[in-house]
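Asks: Keeping their order, the protein sequence lines are chains E and H.
For what it's worth, our numbering labels the leading residue of the first sequence as 4, then goes sequentially.
For what it's worth, our numbering labels the leading residue of the second sequence as 3, then goes sequentially.
There's no promise every hint is true.
The list that follows gives simulated cross-link-like pairs (lysine to aspartate or glutamate, EDC-like), each with its CA atoms no further than 20 Å apart [said to hold, decoys possible]:
1) K20/E x E104/H
2) K18/E x D127/H
3) K81/H x D43/E
4) K81/H x E33/E
5) K6/H x D51/E
6) K253/H x D235/H
7) K5/H x E52/E
8) K12/E x E46/H
9) K17/H x D43/E
10) K12/E x D105/H
11) K17/H x E207/H
12) K238/H x D155/H
13) K12/E x E33/E
14) K18/E x D4/H
15) K253/H x E166/H
16) K20/E x D105/H
17) K5/H x D51/E
18) K253/H x E157/H
19) K201/H x D155/H
20) K8/H x D51/E
21) K18/E x D105/H
22) K18/E x E104/H
23) K6/H x E52/E
24) K238/H x E166/H
25) K12/E x D47/H
26) K8/H x E33/E
27) K12/E x D94/H
Computed footprint of chain E on chain H; a stretch qualifies when at least three of its residues, placed anywhere within it, have a C-beta under 8 Å from a C-beta of chain E [claimed, not checked]:
28) 59-67
29) 78-86
Just so you know, the hints here were simulated from the structure itself, not pulled from any lab data.
All residues carry an ideal CB built from backbone N, CA and C; glycine is no exception.
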Amino acid sequence: MKLNETLLKVLACPKCKSSVSPQGTVIVCEHCQLAYPLRDGIPVMLIDETRCSKKI
Amino acid sequence: MDKKFKNRVREQFGKAALAYVNTEHFSGGADLEEAARLLKPTPEDNMLDVACGGGHTAIFFAPMVRQVVASDLTMQMLKRAQEHLSERGGVDNVIFREADAEDLPFPAGSFTLLSCRIAPHHFPDVPRALREFHRVLRRGGRMVIIDTLLPEDPEIAEFYQTMEQMRDPTHIRAFSEAEWSEMINDSELILHETKIIPKLHDFQEWAKRSGLKRDEVQKLNRYFMDAPAKVHDYFKIESFAGEVESYTDQKLLIYATRKEKEKK
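Here chain E stands alone, though its shape is the one from the complex (with noise of 0.2 Å):
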């Protein structure tokens, strides 16, 4: 499932408030590069369930 921009303007990276947008599968914070993943559309937004996008 595709997240539209409406449901990810109140979406922000919890660990640094900054913005985040969809690469992929994952959510990533602009600002940090930690990427969120979806489980069955639904954002999984805890800071220890996130890697560095970099990575994947």
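On the provided structure of chain E, position chain H as indicated by the hints.
Replies: Only chain H this time, still in chain E's reference frame:
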């Protein structure tokens, strides 16, 4: 939030997710009616329901507002709530996010309304969560928190803490009205009104909802039955032939807002 504790919360509510979604215990009640009276939701409001559990509060408010974002730490709970919502139909403005109340994944000032119902007693750091609530609320935004009130009498309070932890080890602690008032003020929210609302619990349903096994329910029953008279009076414990049938606790409803103007 400590990762180990977080995993325990997930385990606890993951196994109990279906029971929480299906229970009628949370789907209505005097506390929600009172919350709506104070929050005065409008079709322009964007609402956040923190620690949404089975989604009952979000579903209650959804028809009154533009959108509800429902967040919870437990994915299993969110999935069940999402399934319940699509089976039920009629509500299309609730979206789900897996999030930690102490590290909310929302930009500052995203919401005009915020609710958090029967959940802060699971938070390891309530002041931190309140700072996050303040941050994600818009200036002038309205907020209702509802949670079980810690009894003033230390002996009754100790009974309460023990029985909740016997039922659910992820119960951390409830707070008195004075403690809540101080925490709200410290987070720079403006406390407008508090209200105490009694809540009746069917003992068996309440005990089993958290996933207790039969012997654990019996142990809890014995703990209730052996409690001193003042505990029985406070919680209005009703029993028959040694079996607890119901008890009543007090929910504290807190109505607060974020200031319209803040010093920089």
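Asks: Now tell me, hint by hint, if it's right for this structure.
Replies: Consistency of the hints with the structure:
Restraint check for K20/E and E104/H: satisfied, since their Cα atoms lie roughly 13 Å apart, inside the 20 Å limit. Taking the CA atoms of K18/E and D127/H, the gap is near 16 Å; set against the 20 Å cutoff, the hint holds. Taking the CA atoms of K81/H and D43/E, the gap is about 8 Å. The hint holds against a cut of 20 Å. Proximity of K81/H to E33/E is assessed by CA-CA distance (about 27 Å); at most 20 Å being required, the pair is judged violated.
As the CA atoms of K6/H and D51/E are separated by approximately 11 Å, the hinted pair is consistent with the 20 Å bound. Pair hint K253/H plus D235/H holds up; C-alpha atoms about 17 Å apart against a cutoff of 20 Å. At roughly 10 Å between alpha-carbon atoms, K5/H and E52/E fall within 20 Å of each other, so this suggested pair holds. The suggested pairing of K12/E with E46/H holds, with an alpha-carbon distance near 16 Å, which does not exceed 20 Å.
With a C-alpha separation of about 18 Å, the suggested pair K17/H and D43/E falls inside the 20 Å cut-off, and the hint holds. With a C-alpha separation of about 17 Å, the suggested pairing of K12/E with D105/H holds against the 20 Å cut-off. Annotation: proposed proximity of K17/H to E207/H holds, straight-line Cα distance about 15 Å (limit 20 Å). Taken as a hint, the K238/H and D155/H pair is honoured in the structure, with Cα atoms around 15 Å apart against an allowance of 20 Å.
Annotation: proposed proximity of K12/E to E33/E holds, straight-line Cα distance about 13 Å (limit 20 Å). Proposed proximity of K18/E and D4/H is supported: the alpha carbons are some 14 Å apart, at most 20 Å. Of the supplied pair hints, the one linking K253/H and E166/H holds, its CA atoms being roughly 14 Å apart against a limit of 20 Å. Restraint check for K20/E and D105/H: satisfied, since their Cα atoms lie roughly 9 Å apart, inside the 20 Å limit.
With a C-alpha separation of about 7 Å, the suggested pair K5/H and D51/E falls inside the 20 Å cut-off, and the hint holds. Restraint check for K253/H and E157/H: satisfied, since their Cα atoms lie roughly 19 Å apart, inside the 20 Å limit. Only pairs whose Cα atoms come within 20 Å are accepted, and K201/H paired with D155/H is accepted, the gap being roughly 19 Å. A distance of roughly 10 Å separates the Cα atoms of K8/H and D51/E; the hinted pair therefore holds under the 20 Å criterion.
Proposed proximity of K18/E and D105/H is supported: the alpha carbons are some 7 Å apart, at most 20 Å. Using a Cα cut-off of 20 Å, the hinted pair K18/E and E104/H holds, with the two alpha carbons roughly 10 Å apart. For a cut-off of 20 Å, the pair hint linking K6/H to E52/E stands: about 13 Å separates their Cα positions. Annotation: proposed proximity of K238/H to E166/H holds, straight-line Cα distance about 16 Å (limit 20 Å).
Of the pairs offered as hints, the one joining K12/E and D47/H holds, with about 15 Å between alpha carbons and a cut-off of 20 Å not exceeded. Restraint check for K8/H and E33/E: the C-alpha separation of about 26 Å exceeds 20 Å, so the hint is violated. Proposed proximity of K12/E and D94/H is supported: the alpha carbons are some 18 Å apart, at most 20 Å. A stretch counts as covered by a chain when three or more of its residues have a beta carbon under 8 Å from one of that chain; for the segment 59-67 of chain H and chain E the count is 0, and the coverage is violated.
Against chain E, the segment 78-86 of chain H contributes 3 residues with a C-beta closer than 8 Å to a partner C-beta. That satisfies the three-residue criterion, and the hint holds.
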